[in-house]
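*Asks:* Sequence:
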Amino acid sequence: MNQKELKQEIKSRKLRNLYIFCSDDYFLKKLYRERIREAGEFDFEIIDINDENEIYKIAEHSNSNTLFSKAKIRIIYARIHYILSSYDIKSIKNNIVILDPAGCKNLKHKNLVKFETPTEDEIKKFIVYKTGQNGKKIEKKAADFILQRFINKDTSSLNIFLEKVLLYSIDKEIIKYEDVEKLAENVQNYNVFKLAEYVMQNDITKFFREVDGVLNSIHPSVVVSIIANEAIKTVSSGLLNDSELADTSLKIRSVIRYKQYFKTLGIKRLSSLLDLLNDMDLIIKSLNINGFSELFKARMFGWFAKPKA
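The sequence shown begins at 1289 in my numbering and counts up by one.
Note that these hints are calculated values from the structure, not bench results. All residues carry an ideal CB built from backbone N, CA and C; glycine is no exception. Honestly, I wouldn't trust all of these hints.
[What the hints assert, rightly or not] In the SDA-like style, the derived pairs of lysine to any residue whose C-alpha atoms are separated by at most 20 Å in a straight line are: (1) 1585 <-> 1518; (2) 1424 <-> 1461; (3) 1402 <-> 1441; (4) 1418 <-> 1381; (5) 1585 <-> 1500; (6) 1360 <-> 1329; (7) 1441 <-> 1451; (8) 1317 <-> 1403; (9) 1381 <-> 1315; (10) 1360 <-> 1304; (11) 1482 <-> 1460; (12) 1428 <-> 1381; (13) 1402 <-> 1460; (14) 1398 <-> 1420; (15) 1494 <-> 1545; (16) 1464 <-> 1403; (17) 1317 <-> 1414; (18) 1413 <-> 1441; (19) 1299 <-> 1312; (20) 1413 <-> 1315; (21) 1585 <-> 1545; (22) 1317 <-> 1442; (23) 1295 <-> 1326; (24) 1482 <-> 1451; (25) 1360 <-> 1324; (26) 1556 <-> 1528; (27) 1360 <-> 1331; (28) 1539 <-> 1381; (29) 1556 <-> 1566; (30) 1464 <-> 1422; (31) 1594 <-> 1566; (32) 1470 <-> 1433; (33) 1425 <-> 1465; (34) 1460 <-> 1432; (35) 1418 <-> 1402.
[What the hints assert, rightly or not] Here are the in silico distance ranges between beta carbons for each label pair: (36) 1472 <-> 1551: 28 to 36 Å; (37) 1520 <-> 1420: 23 to 31 Å; (38) 1360 <-> 1339: 29 to 37 Å; (39) 1369 <-> 1290: 38 to 46 Å.
The whole structure should be built from the sequences, with the hints applied where relevant.
*Replies:* This is the structure we're talking about:
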């Protein structure tokens, strides 16, 4: 089954009981998972399958409701943490099961969905849609620059870059060529997302090795926003279960990693970090950013020095 066939099944609401998503493109897989969820009034559940002996547990989640009954149907989204080479379970007749394996080596199945690299026209439309969805316009030259960077690449990489563009253009109504070109250079030289990762890892050495370069090349509001976003993902991953996380608007690629961040930092330190970042945001919004860099570094040093409660 290809991507267009899946899209048609969702549009017609004639869904199968089983889909196998075969792709490294996490963005497309999540997009179509959500489209399936929106095709009806379904309950939703995420389960993790760690080895071949556990995969047969999926059948246990099937209940007595038929796919076309008026009773609520569950979507069971199974994250399979190994390469799936065969799948011969015949007993799934109820609910909707979506398998998301780490890989699909030599797997042949009529319900295997093969996602495709987007065409140039699809990339253009997605760029305009994504920016417009956030209340912004984008110059044709800027859109063409992004297009050339992501021809024959997966949608996840394109989506991540566009999110960065939107964050870096937080105070602009029109995204220009100079904005995306500068961003591409800045991301290459100083990665603010890496800086946020060092905060979550509680790595003071790496943070202070990179922070000056980031603050000198990126607007302070973007730096604060990205670190705060990572902190929110960490808190959410630590306090919510997988199904609750799936219902949020957070884009979390690796829940396991964020759960580890939560374990490392603890809720009190994360709360104090969010308070600190909120203070920094208020200072930026008051337009009082003279000396912001030194103040930010001093406050972050104090936060790093504070032991876990």
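*Asks:* Determine for every hint whether it applies to the structure shown.
*Replies:* We went through each hint and held it up to the structure:
no. : hint                      : verdict
1   : 1585 <-> 1518             : holds, 18 Å
2   : 1424 <-> 1461             : holds, 5 Å
3   : 1402 <-> 1441             : holds, 15 Å
4   : 1418 <-> 1381             : violated, 37 Å
5   : 1585 <-> 1500             : holds, 9 Å
6   : 1360 <-> 1329             : holds, 7 Å
7   : 1441 <-> 1451             : holds, 16 Å
8   : 1317 <-> 1403             : holds, 8 Å
9   : 1381 <-> 1315             : violated, 28 Å
10  : 1360 <-> 1304             : holds, 15 Å
11  : 1482 <-> 1460             : violated, 24 Å
12  : 1428 <-> 1381             : violated, 49 Å
13  : 1402 <-> 1460             : violated, 38 Å
14  : 1398 <-> 1420             : violated, 37 Å
15  : 1494 <-> 1545             : holds, 18 Å
16  : 1464 <-> 1403             : violated, 31 Å
17  : 1317 <-> 1414             : holds, 16 Å
18  : 1413 <-> 1441             : holds, 16 Å
19  : 1299 <-> 1312             : violated, 24 Å
20  : 1413 <-> 1315             : holds, 16 Å
21  : 1585 <-> 1545             : violated, 26 Å
22  : 1317 <-> 1442             : holds, 11 Å
23  : 1295 <-> 1326             : holds, 12 Å
24  : 1482 <-> 1451             : holds, 15 Å
25  : 1360 <-> 1324             : holds, 14 Å
26  : 1556 <-> 1528             : holds, 16 Å
27  : 1360 <-> 1331             : holds, 7 Å
28  : 1539 <-> 1381             : violated, 31 Å
29  : 1556 <-> 1566             : holds, 15 Å
30  : 1464 <-> 1422             : holds, 15 Å
31  : 1594 <-> 1566             : holds, 18 Å
32  : 1470 <-> 1433             : holds, 11 Å
33  : 1425 <-> 1465             : holds, 12 Å
34  : 1460 <-> 1432             : holds, 19 Å
35  : 1418 <-> 1402             : violated, 24 Å
36  : 1472 <-> 1551: 28 to 36 Å : holds, 35 Å
37  : 1520 <-> 1420: 23 to 31 Å : holds, 25 Å
38  : 1360 <-> 1339: 29 to 37 Å : holds, 30 Å
39  : 1369 <-> 1290: 38 to 46 Å : violated, 26 Å
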